[in-house]
Structures are given as structure tokens and as C-alpha cells.
Amino acid sequence: MAEAAEVRNDSQFEFITFSAGGQSFCLEITQIREIRRWTPVTALPHTPKDVLGVMNLRGAVIPIFDLAARFGLGATPANERNVVIVAAVGGTTIGLLVESVSEILSVEKSAIQETPDIKSDATKHSILGMISVDESMVRVVNLDAVLDAGKGAS
Amino acid sequence: MSGNSIRDTFFEECEELLEALVEGLALMEESPDDTEVVNAVFRSVHSIKGGAGAFALTRLVNFAHTFETVMDKVRDRELSVDEKLIGLFHRSGDMLNDLVASARDETDLDESAETTLIKELEDYLGPEAVEEEFSFEAMTLDIGGPPPLGLDLPEDLADGERLFRITFRPRKSLYENGHEPLLIFDALAELGQLKSTVDLSDLPEFDAFDPSDSVLSWALELTTAEPETTLHEVFEFVEGLCDLEIAVDADAAPSVLAAPNALPPLQDPEPTAKKPEAAASSKAAEVGKPASSAAAQSKESRGPKPTLRVDLDRVDRLINTVGELIINQAMISQRIEELDLPTVAHLTNELEAYKLLARDIQEGVMAIRAQPVKPLFQRMSRIVREASDATGKKSKLVTVGDSTEVDKTVIERLADPLTHMVRNAVDHGLESPADRAAAGKDATGTIRLSASHRSGSVFIEIADDGAGLNRERILAKAVEKGLVAADAELSEPEIDNLLFLPGFSTAGQVSNLSGRGVGMDVVKNAVQALGGRVSISSTPGKGTTFTIVLPLTLAVMDGFVIAVADQTMVIPIASILETIRPSARDIHIIGTDSEVVSVRGSYVPIVDVAQSLGLADKPERAQTGILLLVSTETNGLTALRVSSIHDQRQVVIKSLESNYTAIPGVSAATILGDGKIALILDPEELIRLGHITGTDLMAQQSRMELRHG
Numbered sequence: 001m002a003e004a005a006e007v008r009n010d011s012q013f014e015f016i017t018f019s020a021g022g023q024s025f026c027l028e029i030t031q032i033r034e035i036r037r038w039t040p041v042t043a044l045p046h047t048p049k050d051v052l053g054v055m056n057l058r059g060a061v062i063p064i065f066d067l068a069a070r071f072g073l074g075a076t077p078a079n080e081r082n083v084v085i086v087a088a089v090g091g092t093t094i095g096l097l098v099e100s101v102s103e104i105l106s107v108e109k110s111a112i113q114e115t116p117d118i119k120s121d122a123t124k125h126s127i128l129g130m131i132s133v134d135e136s137m138v139r140v141v142n143l144d145a146v147l148d149a150g151k152g153a154s
Numbered sequence: 001m002s003g004n005s006i007r008d009t010f011f012e013e014c015e016e017l018l019e020a021l022v023e024g025l026a027l028m029e030e031s032p033d034d035t036e037v038v039n040a041v042f043r044s045v046h047s048i049k050g051g052a053g054a055f056a057l058t059r060l061v062n063f064a065h066t067f068e069t070v071m072d073k074v075r076d077r078e079l080s081v082d083e084k085l086i087g088l089f090h091r092s093g094d095m096l097n098d099l100v101a102s103a104r105d106e107t108d109l110d111e112s113a114e115t116t117l118i119k120e121l122e123d124y125l126g127p128e129a130v131e132e133e134f135s136f137e138a139m140t141l142d143i144g145g146p147p148p149l150g151l152d153l154p155e156d157l158a159d160g161e162r163l164f165r166i167t168f169r170p171r172k173s174l175y176e177n178g179h180e181p182l183l184i185f186d187a188l189a190e191l192g193q194l195k196s197t198v199d200l201s202d203l204p205e206f207d208a209f210d211p212s213d214s215v216l217s218w219a220l221e222l223t224t225a226e227p228e229t230t231l232h233e234v235f236e237f238v239e240g241l242c243d244l245e246i247a248v249d250a251d252a253a254p255s256v257l258a259a260p261n262a263l264p265p266l267q268d269p270e271p272t273a274k275k276p277e278a279a280a281s282s283k284a285a286e287v288g289k290p291a292s293s294a295a296a297q298s299k300e301s302r303g304p305k306p307t308l309r310v311d312l313d314r315v316d317r318l319i320n321t322v323g324e325l326i327i328n329q330a331m332i333s334q335r336i337e338e339l340d341l342p343t344v345a346h347l348t349n350e351l352e353a354y355k356l357l358a359r360d361i362q363e364g365v366m367a368i369r370a371q372p373v374k375p376l377f378q379r380m381s382r383i384v385r386e387a388s389d390a391t392g393k394k395s396k397l398v399t400v401g402d403s404t405e406v407d408k409t410v411i412e413r414l415a416d417p418l419t420h421m422v423r424n425a426v427d428h429g430l431e432s433p434a435d436r437a438a439a440g441k442d443a444t445g446t447i448r449l450s451a452s453h454r455s456g457s458v459f460i461e462i463a464d465d466g467a468g469l470n471r472e473r474i475l476a477k478a479v480e481k482g483l484v485a486a487d488a489e490l491s492e493p494e495i496d497n498l499l500f501l502p503g504f505s506t507a508g509q510v511s512n513l514s515g516r517g518v519g520m521d522v523v524k525n526a527v528q529a530l531g532g533r534v535s536i537s538s539t540p541g542k543g544t545t546f547t548i549v550l551p552l553t554l555a556v557m558d559g560f561v562i563a564v565a566d567q568t569m570v571i572p573i574a575s576i577l578e579t580i581r582p583s584a585r586d587i588h589i590i591g592t593d594s595e596v597v598s599v600r601g602s603y604v605p606i607v608d609v610a611q612s613l614g615l616a617d618k619p620e621r622a623q624t625g626i627l628l629l630v631s632t633e634t635n636g637l638t639a640l641r642v643s644s645i646h647d648q649r650q651v652v653i654k655s656l657e658s659n660y661t662a663i664p665g666v667s668a669a670t671i672l673g674d675g676k677i678a679l680i681l682d683p684e685e686l687i688r689l690g691h692i693t694g695t696d697l698m699a700q701q702s703r704m705e706l707r708h709g
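Residue numbers (the UniProt record's numbering), protein chains in the order written: chain A, 1 to 154; chain B, 1 to 709.
Same shape as in the complex, but just chain A:
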């Protein structure tokens, strides 16, 4: 994973944390293009539940995934506060629907822990690592995995 390599090269990292499906996740700030308010999307036929549809981002058609559903945490309930995180993976731009965005997290490289051995390979693949913040734990999302799953499921 390119991102993983990056994570281990520099010492200081900034992440944006957000919650989806009741859990706390984060993405490295360099992968995020923007954060938008939720607006209705155009549904796509023949797509799995976690693909909400496509959205117009300044003329580009980008797919929107429900991150919670993608991670098997159930569909994100409709809420005024829901936001779409627009992220770029390689040349592809995607949107992730999450419940809310919390804060910017600045951490040392050493604070990022590797994902421990857990049962589910899928989960292990989609989480790059973990950061502990105060009492809670934030999961670092592997965007590639989100995208791969998106392609595979369609």
C-alpha cells in the first residue's frame, strides 16, 4: 500500500477523524479533497447496498459509498448532519458517506499501531492501522480496499 509506506516514512501525520456506523475512523489528510454536506445522489441500478449512487462534483461524476455499510456496520441512517468525504485514490475520486466529521488529529508515526491479528481478513485488509486517542481508538481506513471492494461488488 502506498499510503502505508507514507505513513511509515514521515514522522508527523495529520488525520481527519470521523464516525461511521458508530465507530471512529480516520483518513490521512492528504487523501481528502474536500468535505461536503450530504445532498441527494443519483441512484445507480444493479449496485450493492453500500453504493449509494453518483454525485456531481464540479462536473465529475463520482460514486458515493456508504462507509458503514461497506464495513458491514449497517446502512448509515439519514441525518441532516451526515457528510460526504471526497477522497482521491490514484486517479479515482470517490465520496464516502459518514455520520459526522470530528477533528483533525496530529500524531507521531510511532503512535500508529499496526492492525493486530484479527479474525476477519476483510477487516484487516480495510484497516491500515490504529491510533489511540485519549480513551478511544481510531481506525485508519485503507482507501484502496474501499475502492477495490466497490469494484468487486458491482
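The set of hints was computed from the structure by calculation and includes no laboratory data.
As the structure is a computational prediction, the values presented were derived from the model and not from experiment.
Among these hints, one or two may not hold up.
[Unchecked claim] Cβ-Cβ distance ranges computed for the label pairs, FRET-style:
no.	chain 1	residue 1	chain 2	residue 2	range
1	B	Val400	A	Ala88	39 to 49 Å
2	A	Arg36	B	Leu339	21 to 31 Å
3	A	Met130	B	Ser333	47 to 57 Å
4	A	Met130	B	Glu350	48 to 58 Å
5	A	Ala88	B	Gly482	44 to 54 Å
Every residue gets a Cβ at the ideal spot worked out from N, C-alpha and C, and that includes glycine.
Starting from the known structure of chain A, fit chain B onto it as the hints suggest.
Same frame as chain A, but now just chain B:
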């Protein structure tokens, strides 16, 4: 000047071809046995030769021809590629590059290196080849002017000056159109030393003199370094209004006839004429100007028309941003309206101006990418003319739908294949004037080029009204070349498709024009690279039609904005034959759930769009909805049921695949005025989806996945 821009395009293409050549040679070093690579290299050289022929760059043609011939041997596996040969090819590639550069800049090039290379190349042809190659070398002599060594093409002369003898006889219409021969002579005088002699022999008796008639003609002698094309340009405006002959003095230069593809001495007379009263003044007028300054001036004007080659990504980014601007503007307008301001507020005017500006910008930006095929088609008219001259056939080009807009990339990459096809159509498609007359046809053959948008695709057709494909001969040739087994039973379309095999050619002899059989496989590859396909249909005695079908990439399309299960979608208008609001008694049920509608007595199956897209479980049994009658290639007539039709408008096609994957039944997406995305439906795919069951759909999806994975 149009002539020059075509020439510039050729040199631009040459650069690309030379790049491909170098790349191909490098690959060849690694895998000398890869026929695809050898073919690619061969094609590059061949294309350069073809183009150079069109511009009478004899020296370039000769060299490329020799180069190509050796290449051909490699392709036919008569020569094996070793280090020495590769080295020679590389040097030949460099020489080709130099020749192109020198032809472009019209500079002189030392010919000793070239001569040596040609000699070396010819050594590879060996004695065995002599027989066959000789005949074609002889042809070069016949039609191609001096053999490789005779490089004294006028343009290459050190002093570069040639003597042109021009006979110019204005017709009455020239004067009637307000042209003035004196001005033409002035223009000629600027090109070099001009000597003009008026021919008064037709001057009638004074009593019989009609002042509005044209009775004078001129013999002009022009010494200039300019190429002949420049001379023709001078006469461009009076073309058809006079009898014109331009000849190069044989002493000063080899005959213009030297190059088979060169502009022949105009048979189509270009123009010129002169008002009687002006005649006297110009009598034997010797108008001279320093030739040097004139030459310098025209050098400048020959420079490429300033164009900007921009990364397409940047253009796309701009297009997207402008699209957003339009939507944003629409939103602002709406918000302001909601404010319910007093009508005196000047805001409304400014807003209106803003709206217009935004539209202007959008139109301008869109124009950058989507371009009409007209310039491309125009280039073909020249190809047709030259191909006819070279083959001694009469033909004319008819273009249809040249305002059809296609993506810039498509235009650029279609130029080469189209040139090949048009040339082939003239060379192989049309019969000789005598044969045509015998068959009861007009002696002048017609090449029809048409472009249209249909079912969300761009159709480009190249049709000739010649004899049609000679399938027997094609099959025999294919057997002879070992492309098919001698006892193979092939259907007619299969035989037709043999034309697309690399190395196939039915031409009895190799000419500078075509007949090496590279044309059709180049066409096929180029079209496939654009994601399209090419097909042939041919009727004996009636002609042959090649159809290129290309997907729309960024083309603008007319579509119906429709509602399907509460969603807004777009369906290409071109695929819709008619819309029907059916009454209950027109709809019949067959089996358990298949519906048909009777349209003027025939029964047409109904496909529910919402259901085939999986947006609704059950088709609306009710008589609600509108039926769109479509005709598809594979399924014939079908009626698509949608909830309603909102609007008809032009939409810009956005790819879904770039950020997501392809979805069955959906060809692309577009952005509507309110910023929402609407999916563009693919009727053909929809109907197919409508016919298969859910489980089949799953299988279909996994196949799609593999394809896009």
C-alpha cells in the same frame, strides 16, 4: 491558407509517425520475431510515404519507398532481422527524420548519406528480389520521376529558382465577378521575376467589339523559388473563371509529372481574367520585385498556423469547472428570485448578463473538445482528387453530415485510417471510366463520406459506387497468401473481413499509392483503439460501404429527459423512432408477464425500463407511462416503457467508468441544469437486460467485472 494547414498537419503527423517508428525499431531489437512490431514499423514508413507523395516530396517518397520495400521483406520473413539490419533501419529512420525536417523547412540536405543508405538498403533486396522489385523500381521511374539518385527536385536546387510558364485565359465570368487580372499579375510579380505577354489574336474588329467580353489571354513567365502550390494559391480566387495552365520549364527542373501524387498541372483550370481596359496597360508589362524579399515573406506565411497543443486533461478540467459555473449561476438566479426583490432592482439585468457570459464561456469551452468532422472530411477531398489523378479514374467526393461533432481525439486519430480507406475506395473500389461506362454508370465515380450520431454512437461511412468486392479474388488471394486454408468454406461477410488481415492485398501491382495491403489493418487497429468497430458491406455492381462505429466519448448528444421510477434519466434521441401513449386495448399480455403493444397492426414487445434496471420489482401493469419505440441492431423493434418524458435537450456525456465501473443498461451519465446527475440509458443493453432473468443478470455482472477488472 488551407493548402498550408493541410501540409502542416502532415508534418505534425510525420513527427508522431517517426516517434512510433523509433519506438517500433527499439521493440524490434528485443523481439525481432514479433510480426505486430514489424507491421507497426512498416506502417509508419508507409504512412510517411503516402503523405509525402501527396505533397510531391519526391525525395522523401523515394527513400521511404526503398526503406519500406526492405521492411516488406522482413515482414514476409524473407529477410531475418540481425544486428546489422537493425542498425541500418535505425540509420534509415534517422535519415527519414532528416528528410522530413528538410522537406518541412525547405532546406537543402546533403544527399551523399542518403545515397549510401539507399544503396545499403537495396543490397538487402538481393538478386532474387530484383525481378519483382525491378518492375516496381521501373514504375518509380515511370511515374515517380528520377530514381533515388535523381534528387534534383526543384525545391532542393541550391538556388531554388524555377521558371514557370503560365497560360492564362480569363473567361467572361471572371470580369463579371469583378476580378482584375492586373492584381493577379502583381501578386505573381511579388513571387519573383515576372514577364508577361498578352495575346491579342482574339481581338475582334472594332465594330464587333463587345466591351463585356473577354478576348485577351496572357502568357506569363515567372522565375521564382516558390513551389508550384504558391502559384496556384495566387489564382485561387479566380478558379473556374479562366483557363489556366502552369508548367515548369523543363530546363530548369524535372517535370512536375515526376511525382505521381503531385498536384498535376491543374486540369481544373484556376482562374484569371482581365478587364479589357486593363489589358492595354499590362501589355508586356515587366513587373519585377526583389525575389529575395518575396521569398522571405512567403516563408513566413508558410509557417504552421499557430495552434496550441494542450493536455486533454486540462481541457476536461476546464470543461468541468465551467459546467459547475453554469449550475452555480442557475442556483444564484433562483435564490435571487426567491428573495422577491422589487423589479426596479438592477440586479436582474446584471444577472442576465452574467447568465449570457456563462453560456458563452460554456459554449467556447465545449467547442474546444467537440469538433465537427468537417475539416477531416475536407482533407479527404484532396485525397480523392489525388488518388483519382494517380489512378486515372474520375471521382468526386460527397460528404454528408459534416457538422456532426465528435471528440477531438477521434478526429485526430481517424485521419490516418480515413485517408487509407478513401484512397482504397478510389484505387480498388471504383472501376475505370471505361468499365463504368460499360456498366451503364456515370463515368465519374462517387465516394460518399457521411457522419451521423445514431444510438449513442458515431457512425462514419465511406461508400463508393464501384463494382463491389470481388469475393472470389479476395478468397483466392487469401488462400495464396496462406491466410486461410484452401478448402475453407467462408460466408460472404467472412470473406469480406479477410480484407482486415495484416499483409492482405488484392492489388496486382505495388504502387506508390496503395496496394501493399497495410491500409485495412491499420484502419481496423486505429478504430479498435478508439473503442469502435468497422464493418463492410458490399453489393456486386453497386459498390462497397465501410462503416466505422465509434462510441461517444465526450460528444454532445440529443436526448429525451425521461422519468423512470421517480428517477430522471436520459435516452439518446437518435435511437427512438416514435413515442406512443398506448391505450389499454393496444396492450396484450403473452404468457404470464410478457407484454406486447400493437403498433399499426404489428405486435412489438414491451420492456419496462424500471424493471430491467432493477428499480421496480413489477412492471406497472397499468396503462400509465409512455412507450418509446426503438429499433436495435440485434433485437429489432421494441417498446421501452418509461413513466414520462420531461424534455428534450442536448446533454454532455460523462463517463461513469472513469470513477466507477460500467453498469449494464447505462452507457454514461450527464449533468442536468440543476446539477443533478442523470444516467444515459443504452437501449440495446436495456432490452437485453429486460429479456434475461435475475440469475442470468448475476452471471452477466460477474462477466462485466472481469472485463473491467
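Confirm or reject the claim that Met130/A and Ser333/B have a C-beta distance inside 47 to 57 Å.
-> holds, 49 Å
Taking 48 to 58 Å as the hint, is the beta-carbon distance of Met130/A and Glu350/B inside that range?
-> holds, 54 Å
Using the beta carbons of Val400/B and Ala88/A, state whether their distance is inside 39 to 49 Å or not.
-> holds, 44 Å
Assessment of proposed distance window 44 to 54 Å (beta carbons of Ala88/A, Gly482/B) | holds, 52 Å
Hint check for Leu339/B and Arg36/A - Cβ pair distance inside 21 to 31 Å = Holds: the Cβ-Cβ distance is about 25 Å, inside 21 to 31 Å.
Checked against the numbered hints above, the structure breaks none of them.
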